[in-house]
Structure formats: C-alpha cells, structure tokens
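2 protein chains.
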Amino acid sequence: MFESAELGHKISKSEYEEAIPGLRAELLDAQYQAMDLGKFAVVVLINGLNAAGKGETVNLLNEWMDPRHIQTHAPDGPAADELERPPLWRFWVRLPPKGRIGIFFGNWYSEPMAARVARRARKAELDQQLAAINRFEAMLAREDVLVVKLWFHVTKKTQRQRLESLESDPQTRWRVTPEDWRALKRYDRIRDVAAHALRFTSSSEAPWLIVDGSDERFRALTVGRTLLATLQRQLDLARGRWQARRVGAPLAPADPRRNLLTALTLAQPMTEKAYASELLAQQGRVARLTRSAAFGGRSLVVVFEGMDAAGKGGAIRRITAALDARQYHIVPVAAPSDEERARPYLWRFWRHLPRHGKVMLFDRSWYGRVLVERVEGLCAEADWMRAYPEINDFEDQLTAAGAIVVKFWLAISLDEQLARFREREAEPHKRFKITPEDWRNRDRWPDYERAVCDMVDRTSTEVAPWTLVEADNKYFSRVKILKTLADRLEGALKSP
Amino acid sequence: MFESAELGHKISKSEYEEAIPGLRAELLDAQYQAMDLGKFAVVVLINGLNAAGKGETVNLLNEWMDPRHIQTHAPDGPAADELERPPLWRFWVRLPPKGRIGIFFGNWYSEPMAARVARRARKAELDQQLAAINRFEAMLAREDVLVVKLWFHVTKKTQRQRLESLESDPQTRWRVTPEDWRALKRYDRIRDVAAHALRFTSSSEAPWLIVDGSDERFRALTVGRTLLATLQRQLDLARGRWQARRVGAPLAPADPRRNLLTALTLAQPMTEKAYASELLAQQGRVARLTRSAAFGGRSLVVVFEGMDAAGKGGAIRRITAALDARQYHIVPVAAPSDEERARPYLWRFWRHLPRHGKVMLFDRSWYGRVLVERVEGLCAEADWMRAYPEINDFEDQLTAAGAIVVKFWLAISLDEQLARFREREAEPHKRFKITPEDWRNRDRWPDYERAVCDMVDRTSTEVAPWTLVEADNKYFSRVKILKTLADRLEGALKSP
Numbered sequence: 001m002f003e004s005a006e007l008g009h010k011i012s013k014s015e016y017e018e019a020i021p022g023l024r025a026e027l028l029d030a031q032y033q034a035m036d037l038g039k040f041a042v043v044v045l046i047n048g049l050n051a052a053g054k055g056e057t058v059n060l061l062n063e064w065m066d067p068r069h070i071q072t073h074a075p076d077g078p079a080a081d082e083l084e085r086p087p088l089w090r091f092w093v094r095l096p097p098k099g100r101i102g103i104f105f106g107n108w109y110s111e112p113m114a115a116r117v118a119r120r121a122r123k124a125e126l127d128q129q130l131a132a133i134n135r136f137e138a139m140l141a142r143e144d145v146l147v148v149k150l151w152f153h154v155t156k157k158t159q160r161q162r163l164e165s166l167e168s169d170p171q172t173r174w175r176v177t178p179e180d181w182r183a184l185k186r187y188d189r190i191r192d193v194a195a196h197a198l199r200f201t202s203s204s205e206a207p208w209l210i211v212d213g214s215d216e217r218f219r220a221l222t223v224g225r226t227l228l229a230t231l232q233r234q235l236d237l238a239r240g241r242w243q244a245r246r247v248g249a250p251l252a253p254a255d256p257r258r259n260l261l262t263a264l265t266l267a268q269p270m271t272e273k274a275y276a277s278e279l280l281a282q283q284g285r286v287a288r289l290t291r292s293a294a295f296g297g298r299s300l301v302v303v304f305e306g307m308d309a310a311g312k313g314g315a316i317r318r319i320t321a322a323l324d325a326r327q328y329h330i331v332p333v334a335a336p337s338d339e340e341r342a343r344p345y346l347w348r349f350w351r352h353l354p355r356h357g358k359v360m361l362f363d364r365s366w367y368g369r370v371l372v373e374r375v376e377g378l379c380a381e382a383d384w385m386r387a388y389p390e391i392n393d394f395e396d397q398l399t400a401a402g403a404i405v406v407k408f409w410l411a412i413s414l415d416e417q418l419a420r421f422r423e424r425e426a427e428p429h430k431r432f433k434i435t436p437e438d439w440r441n442r443d444r445w446p447d448y449e450r451a452v453c454d455m456v457d458r459t460s461t462e463v464a465p466w467t468l469v470e471a472d473n474k475y476f477s478r479v480k481i482l483k484t485l486a487d488r489l490e491g492a493l494k495s496p
Numbered sequence: 001m002f003e004s005a006e007l008g009h010k011i012s013k014s015e016y017e018e019a020i021p022g023l024r025a026e027l028l029d030a031q032y033q034a035m036d037l038g039k040f041a042v043v044v045l046i047n048g049l050n051a052a053g054k055g056e057t058v059n060l061l062n063e064w065m066d067p068r069h070i071q072t073h074a075p076d077g078p079a080a081d082e083l084e085r086p087p088l089w090r091f092w093v094r095l096p097p098k099g100r101i102g103i104f105f106g107n108w109y110s111e112p113m114a115a116r117v118a119r120r121a122r123k124a125e126l127d128q129q130l131a132a133i134n135r136f137e138a139m140l141a142r143e144d145v146l147v148v149k150l151w152f153h154v155t156k157k158t159q160r161q162r163l164e165s166l167e168s169d170p171q172t173r174w175r176v177t178p179e180d181w182r183a184l185k186r187y188d189r190i191r192d193v194a195a196h197a198l199r200f201t202s203s204s205e206a207p208w209l210i211v212d213g214s215d216e217r218f219r220a221l222t223v224g225r226t227l228l229a230t231l232q233r234q235l236d237l238a239r240g241r242w243q244a245r246r247v248g249a250p251l252a253p254a255d256p257r258r259n260l261l262t263a264l265t266l267a268q269p270m271t272e273k274a275y276a277s278e279l280l281a282q283q284g285r286v287a288r289l290t291r292s293a294a295f296g297g298r299s300l301v302v303v304f305e306g307m308d309a310a311g312k313g314g315a316i317r318r319i320t321a322a323l324d325a326r327q328y329h330i331v332p333v334a335a336p337s338d339e340e341r342a343r344p345y346l347w348r349f350w351r352h353l354p355r356h357g358k359v360m361l362f363d364r365s366w367y368g369r370v371l372v373e374r375v376e377g378l379c380a381e382a383d384w385m386r387a388y389p390e391i392n393d394f395e396d397q398l399t400a401a402g403a404i405v406v407k408f409w410l411a412i413s414l415d416e417q418l419a420r421f422r423e424r425e426a427e428p429h430k431r432f433k434i435t436p437e438d439w440r441n442r443d444r445w446p447d448y449e450r451a452v453c454d455m456v457d458r459t460s461t462e463v464a465p466w467t468l469v470e471a472d473n474k475y476f477s478r479v480k481i482l483k484t485l486a487d488r489l490e491g492a493l494k495s496p
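Order-wise, the sequence lines are chains L and P. So for the first sequence, my numbering puts the first residue at 1; every next one is plus one. So for the second sequence, my numbering puts the first residue at 1; every next one is plus one.
Think of the hints as simulated: they come from the structure by calculation, not from any bench. There may be inaccurate statements among the hints.
[What the hints assert, rightly or not] Just a sample of chain P residues kept apart from chain L, beta carbon distances all over 12 Å, derived:
1) Gln33
2) Ala41
3) Arg257
4) Thr265
5) His329
6) Gly368
7) Asn392
8) Gly402
9) Gln417
[Stated by the list, open to error] Stretches of chain P that chain L covers, calculated by requiring three or more beta carbons in the stretch to come under 8 Å of a beta carbon on chain L:
10) 347-358
11) 465-473
[Stated by the list, open to error] Far from chain P by the CB rule (all over 10 Å, computed), these chain L residues:
12) Val58
13) Ala287
14) Ala342
15) Arg488
For glycine and all other residues, C-beta sits at the position ideal for the given N, C-alpha and C.
Can you build the whole structure from these sequences, using the hints too?
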C-alpha cells in the first residue's frame, strides 16, 4: 500500500516553480468548466498521518483555485446536534452541489479508523463500517458525486524529524500537540489499520491515492496534478466524450526518476562461489520447513512475475530442487484456454489452489490482469482497476484458509534484458525462448514499469506482501528469492 | 421482506396446466439461445426455509429445460479437500462456463447464515461475510455471470403442517428429518437472520427474489416465469438490444388477484362515536409518550405514503394535535428544489433529520424514488433498483442513531378515491386539492400497486417496518395510525 510513498520523492525548487503557473491556470480553468457544466460535484477527502502535510496542501488548493467556490470542512469533533443524528449526517448536510468542490478534512474515515487504532472497535466492526462506507461511496458515484480520496503518508522517521524540527523552533512550537507525539508512538498500529482500511475501500469508482508527504513540493505537485487529471476526466465523461467504462480518479503516474523499480540497484554483487554455498543453505531451510509437521496444516502459493528473461524459470527450478516432487506443482500461465475464457478471469487460478501440505508455483499469475492486459489494452480500464480489490479479496481468502502467499517481482534492466535476449538467440537450445513479441514488449517498458508500481502499491498487503528482487545478477536474485521464501515460511509456521 | 410471500398465493390446476406448455417451450428456447450465444453464464442460487419446496422446484427446472446442460450442485457439507481451501473454492470450481446454467442448492449463503442462526458468529461477523459476498457477486456480474437468487419461503404454520402431513404418510415419512423439526423450533430466529441477510445482499445487480412456497403450482410458475424473464432480459442485453443501465433479474410482478394491497379489506367499520373516543385515547398515549423523559434521548420519523386523496394530510393533523408545537415539523415533499436537484436524491431528507426529542412528519418521502419516479419513468430501472438497499441503509443509520422510524401506506380503493375527488371538486375550498394530474394518475393505478408491493417487500425491515392502513374509512384509518404510532413509541421507549 505505502511502498511508493515511502521511497522519499523530491522535486527541486526550480522544477517546481516552472510547473506551478501552468498547473494553477489549468486547475482554475477546470474548476470553472465544472461549475459552468454543473453536472457533477467533487468531494475531496483529506486523510493521512500527522505531519504529512495535509493542512498545507489544502491551503495550497484554496490558493490555486477560486476559494469562493470551494468549501473546506475542518476536522472538529462532532457538535451536540450532530451526535443526535447518524454519523454521516454532518457530511450529508455539507455535500457540495453539482458544479462545486467540497474538501473534507475530517471525514467518514476518521472515526472508524481512530476507534480501531484505539481498540475501541473490533476488526469485524471496522469491516462492517468500511462496508457501509463502500456502499455510501458507490451511491455517491452513481449520483454524480466524484469522490477523490487522498492519503498523505510519511515514514515514522520523517514524522519524528518533522515534529522535532517544528518543536525546536519557537515560531512553530505551538503547532506540535501532545496528540502528535502520541500518534508517533502508535505509528505502526496506525499504519497497519490504515493499510487495511485503504485496501478495503479502494474501489474502482473511488480509489485511494497515496501521496508521499515527505517533500513539500513533490506533495503539492502530486496533489495538484492528480486533482487536475481527475477533473479533466470527469469533465470529458460528463460531456459524453469519454466512452469507456466509468472509473473515478485516474492513478497518478509513477515518477520515472524515482519509483519502486528505479529506486532499486538491479546489479547486486554475488560471486559464483558465494552463490553455491548460500543456495545450498537456503534450499536446506526450505526443504526442512516444507517437510515439517506444521506445514501439513498449511499450503504455499508462490507467484513469479517479471519482464521477459528476468529469470523466473531458473528461480523456480532452484526452489523445486528443494521440494519433494510429490509436493509441488508448477503452473505456467500463458493465454487462457477456451474453458478458462468462458469464466471469470480468476477462475483459472482458483482451480489450481493447493491442498494442505502442497506448494503451487505460478510462473506468471492473476497479476496478468493488471500487467499485460492493462498495458496491451486487452481489458478496459474499469476492469483492471476493479481487479486490484478483487485480487486482494482473493489473496485474503487464500491466507485465511491457511495458505502462505509469497509474491516476487523479478526486476531487470533494459540492458541486461538485451544481453539475455542476444544470448538466447545465439544458443540453439534456447532460441525457442525468444519471440518477436519479446522484442516488441521492450518498447512498452515504461508502461510496464508504471503498471508494476501501481500493482505493488495496490496489492502489497499485510497478508500477502510483494518482494521486489534485484535480478540483473541471477546468483543474487535466486538466493534472495529462496531466502525470502524460507523466512516467510519460518515466520508463518512459527505463528500460532 | 417476506410480506408478499406470507400472503398465501394459490393457482388452480386448470390455470397451471394451461400455462405450463408455453412456459416450458419458452424456457427451453431461452436456454438454447443462451447456449448458442455463449456470452454469459447463469448461476441460480436456491435458498430458503425447510419444507418450502426447494427440491421440488429444482427437479421441475431440470424437467422443463434440457438437463444435460444444467449442472445442479447438491448441498452436502464440505469434503476434506474443500476444507483445505477457502470456503468459496467449492463454488468457484463449479462455476458454469458461459452459455450454461448452474443451480447451487447449498451455496455461499448457507454457512454464514447457519453460523449466525446457531450463534456461532456475531452480527458483525455475519455482516463482514455478507459484505464479502456482495463484493464476490458484484465481480461475477461484471464478469458476465448472471446470478439469480431465489429464497423459498413459508409461514411457520405452513411449515409445521407440511412436516406433519409428510410424517403421517408412511410413503413420505423418511423425508422428514430431526433437523427439520429443529428448524421449525428455530423458525423465528431463522426468519430474522434471513431477513437481515437478504436485505443486506439484495443488490441491483443480483436482487433476491422471494418465492411464496406454500402452493406447489404458484411456486413453480413463479420460479419458471422469473427465470424466463431474467434469461430473456440477459439475452437482449448480451445482444446489445437493451440499452438501459444494467440490472440483474427483473422483479416478479405482484399477482393482481392476491397481493399485499388486494389482500386488504379497505373499508373497515368504525362509527363516528367510536372514533371520537378512540382518537382521544390514542392521542393521549402519543402525547404522554412524546413528552416522556425517555423520548428526550430519541427522535421520531414518520413517513406517510398513499395514493392521492388517501387521507395523509388528515392523519398528520390528528397526530400533530397530540404533540407540542415546538416539537414537530411537517415536511411536505413535492418536486425537488434546484438546491436539492444538485445533490444525491436522499440529500433533501438528510437535511431534515430531527434532533433528539423531536418529531419529523414526512408527507410523502424518499419513497418517491421507487413510487412516482419508477412509475413515471423519471429515473432508470437501475436507479430505482439500487434505491431499495440505499433506502434501507439510510433507515438503518437513522435507527442506529436513536430515531424511531414509522412508515404508513394509506390504501384506498379506486372507487373511494373517485368519490373523494368528486367531493373535492364540489367544495370550493377543497377544489385546489385536485388537479388534472390526479386524474391521470388513476390510469396508472396497477403500476402504482405493483410498485407499492415491491416497496413493502424490499424495504419493510426489522428496524423500520411498513404498516399498511386500510383507509377507505377515515375514522378507522386515523385511529389505526395513531394506535400504531403509540405502540411503536411504547415499544421503543421501553426497550433498553
């Protein structure tokens, strides 16, 4: 959920100052167009961690657009007359009319999440409230209210630094409250509850947009651009220009200069000798763990995704070498069969779910929906957007039934891929592995990168996290995969 | 929820035998067309009370259509290999391909509802599972799986008679199990859990269809006709003929010979003298209850709906006569204002919610969405279909916040309405009350009747039930309304 937002993005002052005038003009223009058209209302929800720049951003939005037509609602606790009505009443009566923008600082997420953080509510109660929120937001979407949900995020370290720096300056000391320090202490719990709530409520009509709040300029530009893109899309939709299936806010594009993939150092050192001994050690761990009594009540589902020639097959062989042959099954995922095409896209994976004590290795997987199908335009945006929560639901059910779900993205560089393609072409017995399509896919590299970043941000969950593997060096990559697998197995089999 | 299904419908043998050949031919034809087209799969869920004819109906469907292309799945408990996968796995692997029909006897509703009936699960846990089911079914709908959900219902009395009659015959004694007798003992609890679960999962994509199971022939015809209408609509949709916003199964039309309204005896006796004393007595109760200390922590929301000239205004005046003038507010609901039109349709009602200790009387209400707007075609079918769960959510929130929600449908006959119209025309000071539109609405009477039956069946909930008022005699009607109000107030203020 927060992977990209914890990378620490930065934007220079000069770049920021160059971008702002155009962005402001376009935002103002979009605001006025929406007002003239009068066909939809906009509700912006501002949520997130303390000291992540929520207030500053809202001030900026009011500065950039015409504040006379924006209603900003502050996060006070409910007044006496509000307590005598249903919790949503205070938001209902403040709903902006069509053509206008309402910014809700404290909103329908605040109290359910706070109650769960403070353990005043059970998990099932939180889920009950989140389901009600989903129904509420689906209704809003169908009633022409565009809901833009922003979550401002910072790492624990940044939050602490921010508070300390504010407190050390007499001019800003007043801004730090005891509540801020308490929230810092509960950072991990707040982050966990937020990850769960955001995942559960990230619908295709109203997806959450996570904003890295660590850099003031990056944060401002991200919010401004996202809001602009959302408004422009909704304007097109309301004018009947945009004919695809309806989706809410578009996802903010991953920054090519610093995203989850470009932040990796793909070529990691490892000698053949170190590899030989490390591989044996990790294979030994996996072998012992999958033969343990505890594993008899669990199952293991391993997902491999990665660009062509990233080394998925080789990694899988190093795993199966550690397993009992009766115990595992490899599912190579290519184009669906006729049987599979006649059912919902997840059906082909459901049919392969392992029994207890078994291991299922997916060479490509259900993530095809949000990778190749998205990039190649094989399904509509609305369809791959809804796939994120659908896939999360699927993996949630898997883990609830005792499966350990481990997901690897094998990341290689364009250069390394080229070298491997050439090598395959040169070797007769590997030539079948390389097709014209593989060459064509290289042109789509930036699109795939963006799809991968969105995928990790939206489907790396507390129950089934993604592991990004630096895969330019196969030795390093295989050892990291086996070690991760052993660690996840060990953790899962130890826990009650 | 079960109002219509508990009326006890009957169909004569001759009528049944006349209808069947045509229905069978059409069903078979629709089945083959769906198979040739191959664009959607059909999943029929069979749920309901014991001894309500579930098994018999499934046998009939297989007899009427081509059973080679129907897969029927029986309700055995999960096998060992199924217990090692997520609960939905057993249904996923049995999903029919596009073009085919799957009938699921035991299905994803069975275990969550059974667990709640047996108090193995809390309410919040049930709601958590129901929310997961809603997400699952929404996904199926978007993946071209048509889900038809049938609930077979009988009254407790019928269930007991059915079991007794089966047991008294040596030929059928084996069909009655100890489980059947246990279910009879828990009838009320099962009915309550079902009412909640059905309401929560009756979405616009996959609404529940409640089948009165008391008469074998009525049950069979209802299921056959509903399935046929659903298949035909989906065929049109899949062929691109039907352009309205997508909705799942159409509602079965209310039987004009015996529905919630025609089953009422509209002209109830009451003399003027009895009225005068009864009215005073009930007004006294309402006056005391609304001035009690307990009411200071609650509020009262009263909804009046009914055909023109049904006596809504007169009934409201008899209530307000019992209230403190500072305490109540009457909201006459006519066409929405510009302000209101610019927001979701429920907004105009949210803004009028009472504080504690207050009474809000709605002369017409949010039910306009599923009455006049439906009948006059002012909103698309998909929009009024989704209004049922949206309205239930709304009233659920109201009651959770302490409001007592009392809803009256004032039922008059066509003749009585005509007499009142003539009377109004004759009296100068009442003439303004009658417009050409009122006369026009009389032509739509059967459409309104159908809309009212659907409304009561889909929005009469455990928290906010409808009261149907026989209103041809105004004396009787007013007293019944005041008495109902006093009873509901008394019950609500007594409970902890």
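Inset, instruction - Run the structure past the numbered hints and jot down the numbers of the failing ones, going up. - result: When the structure is compared with the hints, numbers 2, 7, 8, 11, 14 turn out to be violated.
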